[in-house]
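Participant: Residue numbers (this note's numbering), protein chains in the order written: chain A, 1 to 123; chain B, 1 to 484; chain C, 1 to 619.
There's no promise every hint is true.
[As the list claims (entries may be wrong)] Derived DSSO-like pairs: lysine-lysine, alpha-carbon spacing no greater than 30 Å straight-line:
no.: 1; chain 1: C; residue 1: K515; chain 2: C; residue 2: K366
no.: 2; chain 1: A; residue 1: K118; chain 2: B; residue 2: K98
no.: 3; chain 1: C; residue 1: K546; chain 2: C; residue 2: K557
no.: 4; chain 1: B; residue 1: K449; chain 2: C; residue 2: K366
no.: 5; chain 1: B; residue 1: K434; chain 2: C; residue 2: K27
no.: 6; chain 1: C; residue 1: K157; chain 2: B; residue 2: K299
no.: 7; chain 1: B; residue 1: K148; chain 2: B; residue 2: K34
Because the hints were derived from the structure by calculation, they are not lab data.
Please read all numbers here as calculations on a predicted model, not as lab measurements.
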Amino acid sequence: MGLGVYFDNYIFVLLFMFLGVALPVGALTFGRLVRPNNPYPTKLTTYESGIEPTGDAQVRYHVAYYIVALEFVIFDVETVFLYPWAVALGELGWVGLNAGLIFIAILGLGLAYSWKKKVLEWN
Amino acid sequence: MSAYNANWSLMTPEIVLGILALVIFTIDFMTGVKGKKPFLGRMSIIALLVTAVLVYINRGAGTIADIFIVDHFSTMFKIILLVGVAIVIAISMHYLDKNDDVYQGEFYSLMLFAALGAMLMVSSADLITLYIGLELLSISSYCLAGFKKHNRKSTEGAIKYVVLGGTASAFILYGMSFLYGLTGTTSIIDISQVISSLYVDYPFIVVMSILFMLAGFGFKISIVPFHMWAPDVYEGSPTPVTAFLSVVSKIAGFAIVLRVFFTTFLGSEGVLYDEWTWIIAIIATVTMIVGNLIALTQKNIKRLMAYSGVAQAGYLLVPIAAIFIPSYSIGVIIFYSIVYVFMTLGAFAIITLVTEDSGRDDFSSFSGLYKRSPYMAIAMSVFLLGLAGLPLTAGFVGKAWIFISAAQAGMLWLAGVMFVTSVISFYYYFGVIKQMFMNEPNPNDVELKAPLSISVVVTIALAVTIILGVLPGLMIDWIAYIQW
Amino acid sequence: MIQNAWLIPVFPLIAFIILLFFGRFLKEKASYVGITALALSFILSVIVLIERIGGETYSFVIEWLTFGESTITMGYEVTPLNAMMLIVVTVVSLLVHVFSKEYMREDARIHVFYSYLGLFSFSMLGLVLAPNILQLFIFWELVGLCSFLLVGFWYFKPEAAAAAKKAFLTTRIGDVGLLIGLVLLFNATGSFDYADIFAAVQAGLVNDTMITIIAICIFLGAVGKSAQFPLHVWLPDAMEGPTPVSALIHAATMVAAGVYLVGVMYPLFLASSTAMTVVAYTGAITAIFAATIALVNTDIKRILAYSTISQLGFMMLALGTGGYVAGLFHLMTHAFFKALLFLGAGSVIYAVHHRQDIREMGGLWKRMKLTSITFLIGALAIAGIFPLAGFWSKEGVLAAAWEGGDIFLFTIAVITAFMTAFYMFRLFFTAFTGTFRGDHEPHENTKLMTIPLAVLAFLAIVAGFVNTPLGFVLEDFLTQGLNVGYQAHGELWLAILSLAVAIGGIALAWAMYYKGAIAKDAFSSKLPAVHKLLLNKYYMDELYAKVFVQPTVAIGKFLWDIDRNIVDGIVNLVGRSSKITGRTFAKRHDGQLQTYGLVTIIGGLAIIALAFVLRGYFG
């Protein structure tokens, strides 16, 4: 494999980059070209499920949102890990079982910690 | 050899430290979130020392499935790092005693996790393991840097640290991806076996890989031009965390630079050495000059230490740029690392004591320290003179050794730059010494009483600085038998 | 006893340690500890010298470090040269210890003073006993540190604190050279030991260019320590320290260490004629340069300081022209008479309540008989009047310069000798004769201060007799087992010339400052520009501040600005250029985080670019 071949593999990357940019830009441009354009103030307001929009879009969320979100991501990823683990447990044997249990235990400790720190309580 | 039948006992110290860290973490949240918890500090120190002993008992050679390696090199660095973290915790105990608004238990457990990350890093034989260790260390450090969460400077520093640290990690990963792309393996050892032929076929990519990793690691060890975060983060962080960053992060970073450069890139034939020697020599030169010259203009002791730390990183780069015999360069770096750890931590112990007492961290808080606490003033002078490289301190032996090794490798100009910039460093270190000895104390400063933990740390660091300065043979003979 | 020579530096070290821990309880009794330690060192030094005269060089070393293949040793040795130095150092140090008991009596920190003196004596004696150049370097730095502490002893005077820092940092510039020389030497010969180095040099293992480079690097260290031009600027400022310190460190011992270093490394210098020339010319330039400044200065201690610089230049001149014995002989005699002059000055300063301007003195001869007589002896000795010590050693220096064959150097030496006699007697006649112009009536000091003066005066008279045409005892002793080339001896005409020059200088000073036959401003009024130049010491301090200090600090500030501002500008630039394209992504945020990120990336790219330039990818 020569240097050229190595870089040839980057063609896919470039292709993805190109598509990533071209698709949204192309779709929006195309839409702009074909759609009728008749703006008036009510139409330009932000769409919020039919409710009258209030305030700025850039508001500060309560910090608890982020912490809960973090917790969610952690356990979400845990689930992703545990599925294949559970499926393949028979082949993994005792070593695999122990490894998984340690993993769960550490996350369990983390949960206990956030519980103690009142992260799970909303106020 | 797969993960099933590997000799996991090689990892005993890491496992023990991990368990102890979790135990301390659990005890902390089970005993309430707030309040002073000096017992956790003592437990952490014991945990670290126990681990250090285990590391020593476990020394020798072996690998786990080519991802984890135990050799003299890693053993040596782990002991240095563990002792370093233990000292930092001893300093922290005084700090936390003064600042009880800080969550104490988390502070200690984060330190322990960081230490664990550093241990994983120096023992890694695989780029993935290396990266995980690095991130464990880094993420713990980010949290620690922002520990004074109601303090503007602390949070600002922490944010900067996170963002720039993330950038650096990206650099490292990108560099690693080149190697993986070429070889299809992440094992450092496997890569090192094919690096020479890879270099012949793909010089461009291999060099890019080196440079990206150098840029990423350069951030962790704060070399110019990747040093910009250091002064802000050092100034904002709680002082013991500053000590931690300037010692533990930096030395762990150097360990990993050595591992990656000397194992992976040097390969068996050392063909890549010609590639990096000039680049690193130039970076080292710029780092020494910039670090020392900017330090001249600083009036804040923590910023001064940040720039002085930049300069010290420059000195440590010299043996990497000028390799005479690889194992010799490693010995030089290990010796200087040991010396640097003790001198810097000793200095930071006193900085913590003084700045926490006065509540200010500019030079003037050191005014007349000699009158307030002669022992601390003398010890501080020894540490600073050691960092500057005055004979009869360990700093001199370390520098002289670097100097000699550079000369032997034929890079005398680099050694010359190092020496000239060290002379400049005397100027700013003397500025602090002058404050301590030749100024009167501030009117409302009374006699300064040091708590036991600080006194012990200072005494140990002082003893090491002087003993290794007078009898460096003790350590050099021990280092001399380092093998890979 | 020669095996126990290591005890000589240990006594003062013990004194230092005792005073460090118990000094504050001992207060003024601290002086006894110091004096006892130095007395013991002195006695031991005498015994060692006697044994060395009858015996062989003794050396004892242990392995200290092993770097790869080479081993570095530590230990001590007694050679003729350092046996002589031991006597010089212990004698002067002992007398200064005694003198200081009275001089520093009223100082609340007298115990600290004595502890520093102990540390200094230890370091200086350690330097002298070192068997290899690395050990010498270690003690070399240590004496520098002691000098810092002692010059800054009265730190509440801002000048003293500044002078201390200046002294330390200026000498370190020379040390850069010394350390580079050391490492080169180690690289070339594989050893730091004097004997191994000389053997390697003699065997031709080191090429000539390298020898020259090494010798000049090492000489640079000597230039710093011995205050040779152009690194002499620290010594006059160092006079801010207590006067006994000036006598001990900045006249007799530490500043002579540079000369001693050249002496110790002499075989290396002999192997390079270029290095010898450099040494000779540096010495000559320093000698006349400092002497001219001393002509116009009015501070009693600074006149002596410039005189010291000038005399050290004399020693270097002698060494550089092949006068190994002459240079070291002058080192010894100079140590005695210059310490005498400084302590005499100290006695005067003490008596007139710490005034140092000679214009505010006068008429001291009648009021302080013993001090005046001893000072006169010192002045006659330094001027080179037969048969005082200075006459013999100065004649040796002139002989070496003459034999060296460079008539220019010889002329400078003669002119300097004339100036020396003139400025010393200008000082003497102004301060000791005429009418008293100060406001506190001075009185003779107690015996504690006058006895050291008397002892030194005695030595200033007799020390020269060890090397006279009747018997070159010192020469035979110092050159034992050493090949340092032919040692020149002055002929009769040279002795007469030297004496005539000295008498001429004294006579001119007498005519101007005692008799008044020639107006005091006879020269200064005719050449005001020269006078001003000399008064301002050739503007060397200002020059250095402009050329070295300010630019360094400015570069530091500049880099600091780059760190903080310039890169910020680049970010703004990026922002503005983005605006042109209609985007506003560079909306200003607080802080400089983006800046740092940008620097990181620019830095990374710069390194990559650098790498490719080095690899030649860009042509």
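Participant: Each hint should be assessed against the structure and marked as holding or not.
Facilitator: Against the structure, the hints:
no., hint, in the structure
1, K515(C) / K366(C), "holds (17 Å)"
2, K118(A) / K98(B), "holds (26 Å)"
3, K546(C) / K557(C), "holds (16 Å)"
4, K449(B) / K366(C), "violated (56 Å)"
5, K434(B) / K27(C), "holds (24 Å)"
6, K157(C) / K299(B), "holds (22 Å)"
7, K148(B) / K34(B), "holds (14 Å)"
When each numbered hint is compared with the structure, a violation occurs for hint 4 only.
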